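Engineer: Next come the chains, spelled out residue by residue.
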Amino acid sequence: MRRTGSALGAAMVLLLATAASAAPEVQAEVDRTEVGLMDTFILTIRASNAPRGSAVQLPRFDGAEVLSTNRGESSFIQLGSSGPIIRQELTVTVILHPTRVGKLTLPPVELRTPDGVVKSNPLTITVRSAHVAGPPAAGAQRPNMMPGFPAGFPDLEDPFAALREREREAASPHGESDLFLRSEVDRKEVYVGEQVTLSVWIYSRVDLSQVSNEKFPKLDGFWTEDIESPTSIVNEPRTVNGVPYRAALLKRKALFPMRAGTRELEPAEMDATTGFLFAGRREHRVGNPLTLKVKPLPPGAPPGFVPANVGNFQLSAELSSATAELGSPVTLRVALEGQGNMKELVLPRATAPAALKLYEPTSQERISAVHDRIEGKRSHEYLVMAQRTGTFEIPPLSFSYFDPESHRYETVRTQPLSLTVTPGEAGALRAAGPAGGVPDGVRNVLPAGALRPLRLEARFQSPAPVWRRPFFLAAALVPPAAWMLLSLVGAVRARRARRDPVSEQRRGTRAARGRLAAAARLRATGTDGAFSEEVERAVTAFLEARLGAGLSGLTRDALRQRLMQAGAPTALVEDAARVLDTCDAVRFAPGAVRLDRAALLREAERVLEGWE
Amino acid sequence: MSALLLSLLLSQVSYSPAEAHAIFAEGVEAYGRDDAAGAEAAFRKLLEHGMGGADVAYNLGTADLAQGKLGEAVLFLERARRQGGGADVDANLTIARGRVVDQVVGASGEEGMVARLVAATSSAGAGLAFLIPWCAGFGLLMLLSVRGPSRSMLAGAALLLLVSLPGAGLVFAHYVVGETVHEAVVLAKTLPVRETPDAASKVAFELHAGSGVRLLAASGTFIRLRLPNGLEGWAEQRELARVDDIAVP
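Residue numbers (the working numbering), protein chains in the order written: chain A, 27 to 638; chain B, -3 to 245.
Next comes chain A alone, as it looks inside the complex (with noise of 0.2 Å):
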């Protein structure tokens, strides 16, 4: 913003302004309602009694593209029954080129106030296909030769017109169009990370002298690198819609958009002086704005691809020697060259194997602008110094990058690099004599670090821990259980070994019972023999277990003295003695006794119950 007129002006105004109506106007209007394709034409927007703090917007020009833009502001005082109140009269002049034929609706201009928004009228105005001739300028209307006539001899030439048109030439601007800033891209969409140029121009029809308080666009998001940045002013002729220009170049950067979307470029301003000595007189000028679309890149990025390696490169790689002595060191240089953002590239890290050792590398860096594309070369060398004899491989390194010009990844690869590393002349005298006057870094290091081969032999088992396996439980509780086991039998036998008298009574009797049991069954189907036989044995064996001893060779008498002695009731004694009688009746005498099985067998009962 410039403060303009003077205070006469700020006096009439402010009378002006008393007497007017204190509320905000805002006018528009064209210079001319007709105008051609290739023509230029100036929309001139005044707000009057504009409030502090008011601000004119300029709506978008569908079918009109803005060439400059140059704003006025002057400050007045109203007097007024509240007192006095600050008022401002804007002035905004736009110079516009129509992009289209037919009727062109520039819409209302917008006048925003703290109290609220007023609007212009609306303004149409026709463009033609072909050149239309535009108003003429101020004070170039030919002046009246002949007064007293009336004025305007169109056949009459004006013998002042070339020192008026020097006249023109060297004077202030006119107008607008006379003095203008212009920006410009060599493309309206990019990729992310590809170049863009900016080139800001002026465009004058005057003597123009200096420029100064030039303030470019703010380049945030952008990678910049400048191309151009001229210290004088150089003009060029450039025709701009049929109209001749010079055209001076203020400033031409690379840009490089680090992120997608549509990214608004602000104009550029500057003052302009134009005009020589005490006649200079000095312009602000405003440039226009740009829009610039930048698109992400494409999926399909290969892994580890870095945003910024858009462009053309080509990799390279390359070693000083492809032989070396044990202690020379050789180089290995890569190299990364061509068109992008050549500072942002991050070359591949060369990498060798342990038996040659990479120092550090050092960078160099060449960047230039041919035609105008930033391009260039970075490299880094490294120090290769063997640590081992033998045929090493250095590996070979890639770079992936985006084409923009292919709208595809591409990948660049350097070949594999063969070193052969020799003993040389150093090892050779250290081999033949004491290694005193030898450096030590000729010496064949074999370090201990290294990874141990792998197996060549393989036994497929996965052992499992030792308390899972089926034999550590057998192998645990086999020899206790076969102990316990041995030491149980041994204790049967022991018992089966000792001879308990009690016991042997029990099993005496248990014995008699049984034959007791056999001789009650042969008692209906057996002879008498067989009968009295196992009654016999039943009443014998039992006598024998009570008596422990054995009955045989006793008499009856003898018998029962034993049996008396041995506490046995006397009817029992009695009883005995007369089943035995009877069995032996009947084995001696068989056809003599007549037997009664069942008295016989009640009586051995008897005596088998009858001692407890």
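Everything labelled a hint here was simulated from the structure, so no lab data went into it. Keep in mind that this is a model prediction, so the values were computed, not measured. All residues carry an ideal CB built from backbone N, CA and C; glycine is no exception. Fair warning: there could be bad hints in the mix.
Which residues of chain A face chain B? A few of them, derived with a C-beta cut under 10 Å, are [stated by the list, open to error]:
(1) E419
(2) P422
(3) R481
(4) A490
(5) F497
(6) A508
(7) W509
(8) G516
So these bits of chain A aren't anywhere near chain B, every CB distance computed over 12 Å [claimed, not checked]:
(9) Q365
(10) A395
(11) R478
(12) A575
Following the hints, complete the assembly by docking chain B onto the known chain A.
Structural biologist: Frame of chain A; chain B shown alone:
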């Protein structure tokens, strides 16, 4: 679906010994050509088909180490050590652990004596140390039962059974540690360890590939872990692999 089932079925089919040896040799040959990735693929194939063992685990861990896959390298070399180990396993495991970013400070003394004893011995050795005197002692006792009392034999049996007790204790220690203590290795390049089992919770510290941790309790997808110096926190289970497991991560 049927293709999935078929592939699942095929993956479960074990190789014949000849096939397994051929794949093993293929892996060794690839490693010799400096194709560590090819070697890793061959050894993994064997493990996935149940053809494991210390040799396969060692070779796989070494191939991973050659590629800089530190988490997998420590995991498989540690499994190889537990399955029998060897000087080569110890050497490569030391190299792998030396490359781990994390340095656990103040870890000395935190490990209990039992755990250290178990780490220093093998379960098979402990089993032998127990079983040999144990069986011999009971053998003498059985001989005593058959032949009759003998003071010298009884003393010998008692001595052998007494000698078997430390071995039994060691086997028991292996059992307790093996069944209750679960160790794991960090596989992720960076593993955030959080204050609570919640992805939004504050990160207490970070671990890196190859670090060893002890697993405590699980909660959802998170598991509580402890470092040898007592630091504890919660981390995503899928970023860890258990050393005592046979699953291939």
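Engineer: Which of the listed hints are broken here?
Structural biologist: The structure breaks hints 2, 11; every other hint is satisfied.
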